[in-house]
Structure formats: C-alpha cells, structure tokens
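Enquirer: My request is simple: use the sequences and hints to build the entire structure.
2 protein chains.
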Amino acid sequence: MTMPELRFEVSEYETRLTGTRQAMQKTGIDVLIATDPANMAWLTGYDGWSFTQHQCVIVRMDGPPIWFGREMDANGARRTAYMDDSCIRSFADYYVQSDQCHPMTVLGQMVADEGWGSATIGVEKDSYYFTHAAFEALAAAVPNVTFKDATRLVKWQRIIKSPREIEYMRGAGKIVTAMYKRVAEILRPGAKQSDIVAEIYQTAIRGVDGFWGDYPSAVPLIGAGLDASAPHLTWSDRPIRANESIFFELAGVHKRYHCPLSRTFYLGKPSQKFLDAEKAILEGMEAALEKAVPGSTCEDVAGAYYRVIERYGLIKPSRTGYSIGMGYPPAWGEHSASFRMGDHTELTSGMAFHFMSGLWYDDWGIEITESILITRGRPECLALYPRKLIIIEC
Amino acid sequence: MTMPELRFEVSEYETRLTGTRQAMQKTGIDVLIATDPANMAWLTGYDGWSFTQHQCVIVRMDGPPIWFGREMDANGARRTAYMDDSCIRSFADYYVQSDQCHPMTVLGQMVADEGWGSATIGVEKDSYYFTHAAFEALAAAVPNVTFKDATRLVKWQRIIKSPREIEYMRGAGKIVTAMYKRVAEILRPGAKQSDIVAEIYQTAIRGVDGFWGDYPSAVPLIGAGLDASAPHLTWSDRPIRANESIFFELAGVHKRYHCPLSRTFYLGKPSQKFLDAEKAILEGMEAALEKAVPGSTCEDVAGAYYRVIERYGLIKPSRTGYSIGMGYPPAWGEHSASFRMGDHTELTSGMAFHFMSGLWYDDWGIEITESILITRGRPECLALYPRKLIIIEC
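In order, the protein sequences belong to chains A and B.
7 is the number of the first residue of the first sequence in the numbering used here; add one for each residue after it.
7 is the number of the first residue of the second sequence in the numbering used here; add one for each residue after it.
If you are wondering where the hints come from, they were derived from the structure by calculation, not from laboratory data.
Keep in mind that a hint or two might mislead.
Copies of one chain are not kept apart here, so a pair can be met inside one copy or by any two copies together.
Taking lysine to aspartate or glutamate and the EDC-like style, the derived pairs with C-alpha atoms no more than 16 Å apart in a straight line are [as the list claims (entries may be wrong)]:
1) K322 / E305
2) K154 / E142
3) K394 / D99
4) K322 / E77
Expert: Next up, the structure:
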C-alpha cells in the first residue's frame with residue numbers, strides 16, 4: 007500500500023498532537039476519544055464520508071493516534087491518514103445498525119486491552135455523531151473508566167491557523183468569490199432557484215487558480231422573499247422574482263478548509279427598509295472589524311456591531327460570528343470562540359472568523375457577511391466580493 | 007404568515023402520526039422526542055439545514071406534533087411545517103455552543119410544563135445528532151422521567167412508501183439516470199475528478215422532467231484506482247487515468263427522497279479480474295432480485311447474492327442493501343431493514359431498497375448497484391441506467 011498523499015507535513019500533525027496532549031494533561035485526561043470528524047481529520051489526515059458510522063481517533067500519551075471505525079472504512083484510513091497500519095483498527099460490519107450490539111462495545115474492549123480500563127478518558131459529549139447510545143455502550147464496556155467531557159478540547163487546539171491552513175483558506179476565499187460572480191451573472195427574474203444553485207455548485211467544485219473545490223459542510227442556503235425570515239432554508243425550483251430580495255450563504259472549500267460568505271441581492275429597486283439595513287450592517291461591520299485585532303476580545307468585536315445596529319433600531323439576538331477553519335457536515339463553525347457578549351477570548355494573529363452579521367425578522371432578512379483572518383494589523387478578508395447589497399436591475 | 011407549501015397533504019402527515027402513536031402505545035411510550043432530521047421532516051414537513059443545532063419534534067398522544075429548536079430556525083418551521091404557531095417552540099441563541107448551559111435543558115423545562123415530568127419518554131438514543139450531552143441535559147432537567155430507547159420507532163414507520171413518496175423517488179431515479187449519462191459523456195483520461203463532480207452536481211441539481219434536484223444526504227463518493235479499495239472517499243483534482251477503474255456512488259434526490267445508484271467505469275480494456283467480478287455481481291443481483299418479492303425476507307435476498315458471489319470466490323463481509331426513502335445528511339439509509347443474514351424483515355409492496363452489491367478489497371473495488379421498489383410482482387428499478395461495468399474506450 008503506497009503512502010497516502012497527505013495535506014500537511016507529518017511534522018505538522020505531530021505539532022498538533024503535542025498541543026493536544028498538553029491540553030489533555032492540563033485537564034487530567036489520560037486518553038482522548040475524538041469522534042468529531044473535523045477533529046479526526048485535523049489530528050490524522052483521515053478524510054472520508056464515514057461519519058455515518060461510529061468512528062473515532064484515540065489520542066494517547068505514547069504512540070501515534072489510533073483510528074477506529076467500520077471495517078470497510080479502514081481502507082480509507084490507509085489511503086488518507088499518516089499513521090501506519092498498526093494504528094488502524096476496526097469493527098466488523100454486523101455491528102452496523104444492529105439491535106443486538108453496538109460498535110462502541112468493540113472500542114471499549116480495545117480500551118481495556120490497551121490497559122486503559124481505569125483511566126480518565128476524555129469524550130466529546132456534545133460533538134456531532136457521538137450519540138447517547140455510543141456513550142452508553144462504551145461506558146458499559148469499561149465500567150471503571152472515569153469519563154470527562156472534552157467536547158471543546160481539540161476544537162480549541164484548532165483555533166490558530168498554520169501557514170498552510172491559511173493558504174488553503176485563501177484558496178477557499180478565491181473560490182467563494184468566483185461563486186458570487188457567477189450568481190451575479192445569472193440571477194434574473196424567472197430563473198429557477200435550482201438552476202442558480204446548479205451553477206453555484208459547478209463553480210464551487212471546479213475551483214479557481216489551481217484550488218479545486220471540496221464539498222462544503224453545509225449546502226447553499228437561500229432566503230428569497232418571505233423565506234428570508236429564516237436563515238437555514240435550502241432551495242426548490244421556485245423562480246427568482248422581481249422586486250424581491252434573495253440572500254445566499256455559501257462557502258468556498260479547499261481540502262476541507264472553508265471560506266463562508268453571505269450576500270444579499272435585490273432584484274429591482276430596493277425598499278427603504280433594505281437600504282437602511284444595509285447602511286446599518288455596513289457601518290456596524292466597519293466598527294466591529296476595527297476591533298478585530300490582536301488584544302481585543304470576541305466580546306469587543308460583537309459589542310461594536312450590536313451597538314451600531316441598535317442605534318438604527320435593529321436587533322440581533324444571535325451571535326455575530328464564529329471561528330472557522332476545517333469542517334465536516336453538518337457545519338463549518340469550529341465551535342470554539344464566537345463573536346458574542348460574554349465570550350472573552352482574546353484575538354490572536356492566525357485566528358479566522360466568519361463575521362456573520364445576518365438579520366432575520368418576521369417576513370424579511372438580509373445577510374452581508376465577511377470571513378476574516380486576524381493578522382498582526384488589520385484583519386484580512388479571505389474573499390474579495392463587494393461588501394454591499396447587490397442590486398440587479400430588472 | 008402564509009400557509010407553507012407542503013410536500014404532502016395534511017391528511018398524509020396525520021396518517022403518519024396515527025401510525026407513530028400506535029407504535030408508541032405498543033412499546034409503552036407516552037411521549038416521543040424525535041431528533042433525527044429525517045424523522046422530524048417525515049412527521050411535520052419541517053425542512054431546514056438546522057441539524058447543526060439541537061432540535062426535535064415531540065409526538066404526543068393528544069394534539070399535533072411540536073417542533074422545538076433554535077429561535078432563529080423557528081421561522082423555518084413556520085415556512086415548512088404543517089402545524090400552527092402554538093406548536094413551534096424554541097430556545098434563545100445564548101444556549102448555542104455555550105459552556106454554561108444546554109438547549110436540552112429548555113426542552114426538559116417544556117416537558118415538565120406540559121405535565122410529562124413523570125412520563126415514559128422515548129428518545130432516539132442512537133440517531134445522528136442526539137449527543138450524549140443532549141441526553142444528560144434533558145435527563146437532568148426531568149429526573150422523574152423514564153427514558154426508553156426509540157431509535158428505530160419512526161424509522162420503521164417510514165419503511166412502506168405512499169404513492170406520493172413513490173412518485174418523488176421515481177423522479178429521483180430519473181435524476182440519477184441523467185447524472186450517469188453525463189458522467190459517461192465526459193469521463194476521459196486527463197479530466198480532473200473535480201471537474202467531473204462539478205458536472206455531476208450541475209445535472210443533479212438542475213433535475214429532469216420537472217423534478218428539480220435536492221441536495222443528496224451524501225456527496226458523490228468516488229473510488230479510482232487504488233482508492234477503490236475504500237468505499238467512502240471523496241474527490242480531489244486528481245486526473246482520471248487510462249487503464250484504470252473508477253466507481254461512483256451517487257444519488258438523485260427530489261424533495262429529500264433519494265434514488266442512490268453506483269456504477270463502475272473502466273477506462274481501457276478491463277482486466278480479467280474486473281470482468282469476472284462483473285459477471286459474479288450481475289448473476290448475484292439477478293438471483294437476489296428474483297427473491298425481492300412480497301413474502302421473502304431480507305435474509306432471503308441477501309443470501310441469494312452471497313451464495314452466487316461465493317461460488318465465484320468473492321466474499322462480501324458487509325450487508326448488501328438497506329431501506330431507502332427520505333434522508334438528511336449524513337446518510338440516505340433509513341436504518342430499519344437491511345439485506346443481511348439475520349434480518350428476517352418480510353418484504354412488502356411499497357418498500358424500497360438500495361441493493362448495495364459493492365465489493366472492496368485491498369487494492370481494488372467495484373460497485374454496480376440498483377435501487378428498487380418492491381411491488382406486488384417483480385421489483386421495479388427506480389433508475390434506468392445499464393447495469394454493467396461501463397467501458398470507456400481510450
């Protein structure tokens with residue numbers, strides 16, 4: 007079996023491992039079981055659409071991480087992860103969606119065999135795909151283990167991006183810029199939403215400038231007319247209508263690294279409500295991005311935005327941004343820092359955020375966002391698409 | 007707020023509710039909390055990319071189902087679900103990815119307020135997105151509730167398709183047929199995998215014959231050359247190579263209903279190993295599909311396939327099919343019946359399966375599958391693409 011084509015140097019994976027082990031030591035965790043697919047990929051390079059099944063990466067204090075998953079996906083681990091075959095373990099297929107047995111029982115047996123039957127083990131209690139049944143089966147198999155919640159441990163390790171990660175995210179930024187250029191070319195009254203999205207996908211996956219497009223952790227989200235009151239609806243074959251707004255939340259993606267971006271288009275002459283909201287949002291974002299520098303906190307950035315839009319009579323009960331980097335379905339947020347009141351995370355060069363300034367009300371909504379890299383100076387916008395309400399004349 | 011455009015008659019949702027309540031009664035469950043997004047959609051019509059957050063549909067013995075989720079997504083429920091506003095409840099945004107509090111605590115409070123604080127409540131312990139932390143928070147909020155596992159309850163309710171569901175799946179079958187026709191048009195040595203996938207998406211989302219394309223629960227899966235040893239890898243910009251096989255696992259999708267289909271292409275003159283495997287698979291599928299009639303069991307179908315391929319010296323340690331219908335990421339399988347030894351589910355007209363005959367070995371793999379509808383007679387193939395190894399001359 008040939009060596010996989012890794013996306014990072016083995017030394018970078020080893021640096022990530024060292025950091026993770028330090029965090030484990032700080033929190034008294036002997037062994038970490040990471041089930042979040044982005045954490046698994048970040049730790050090992052493993053990349054596959056296998057989070058339909060129970061699987062994990064085990065981080066131990068001695069020795070490389072261990073990949074554990076469904077037998078048929080072990081070959082995927084051999085093709086993508088940096089560890090050798092002794093670190094790739096699996097469960098047989100009859101455990102899959104069985105009423106009689108659970109794959110996490112096999113994991114528990116392995117934990118015992120490795121001598122960790124009385125250890126303190128970190129599990130990602132609130133990460134996607136770590137079900138209650140998974141925990142029950144694991145805990146039953148190793149009743150003397152002390153389990154500790156480690157949901158955010160690896161996620162916090164991921165927050166500062168390396169040069170190569172930044173390179174991938176800049177590539178993703180080029181891709182999403184191209185996606186919006188394509189939208190602007192074809193968005194016209196009468197066009198079907200599904201035809202627009204088909205073109206978005208074509209541009210997204212083809213990629214740009216040698217950066218091929220990976221699948222986004224979330225599909226294109228659309229809010230047209232009354233549907234713009236909801237932030238997370240998808241498309242149908244409904245036609246684009248004149249004298250209506252439509253927003254998109256899209257992401258360019260390269261090697262699992264995301265650059266999300268939202269833009270709102272108005273077909274026709276925008277109502278004063280939209281123009282006022284645009285003014286408020288753009289002024290708010292300027293104020294917030296002034297604060298998006300090392301030494302500020304996430305709360306500083308969020309507060310600057312909320313204060314401006316409140317002056318315009320607009321409220322936003324939701325957070326106004328979150329850390330981004332690599333992601334797997336269903337989400338591209340890293341689940342560490344958020345731009346919200348109460349989040350005192352201090353910004354550092356190398357962090358990246360989707361400044362998610364969107365506003366949604368009873369019968370309308372507007373999204374104009376920016377994905378930014380915190381630098382030593384002013385934040386760098388990862389995409390380069392005009393930050394404004396885009397008017398399509400018709 | 008206008009009435010949402012429902013995908014099924016309200017009477018069909020009410021029939022589903024009746025069946026679900028009967029199943030609850032049989033298993034002693036007073037209240038059901040359904041967290042699987044496909045179950046939520048099947049019960050209420052709710053459709054949104056909000057399974058990034060904790061959310062659920064509550065089925066009670068009196069009154070319509072209740073949708074519960076993030077505040078900003080409640081508007082999505084108002085746009086897509088059939089129940090009125092009194093059945094749409096939510097939690098505030100500060101509960102999202104907070105270290106201090108959990109949205110399921112709010113759900114627990116609601117359960118208590120509804121008078122269910124000592125009830126027997128079914129939860130989907132092993133469904134995607136129902137995390138261990140979610141259960142912990144819920145259980146802590148209502149300590150006198152008896153929880154029972156109901157992971158498969160709604161999934162088994164979904165196994166027999168209604169006429170309209172079948173209509174959507176037939177539409178999905180037309181879409182996936184068109185997707186493979188497009189692949190055959192453009193698959194050539196030197197073409198980039200990403201460019202092929204870009205075209206697949208364009209065809210998939212445009213749709214066919216008035217059936218617009220919805221997003222698939224899983225992205226296109228590809229196995230080229232050595233990567234064909236793994237069933238669940240995705241693409242890169244690697245070029246298609248001559249004298250190599252490449253399989254795709256794709257799905258056409260309409261209104262969340264899936265028609266999956268896998269095909270293997272060989273660029274050049276196939277090796278004898280591939281021709282022998284094709285022969286075995288096709289003969290095995292013929293034998294298995296002969297059994298895919300009412301009265302047979304899933305084990306009968308699976309056994310017929312395994313016996314044939316074993317005669318050819320091939321083994322398949324994994325199940326050879328699963329129930330299909332509606333789906334949300336990360337998977338399109340319904341998690342009820344599977345074509346495997348030990349599954350004694352009796353086939354009935356209206357069931358649908360992806361006959362997943364794929365074989366993966368150390369350094370090669372081949373997938374030629376079929377999505378079928380069980381009828382009163384012979385099974386109906388939902389897609390109409392030649393069932394064979396597709397040879398591309400070059």
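Enquirer: Against the structure, test the hints numbered earlier, and report the numbers of the ones violated in rising order.
Expert: 3
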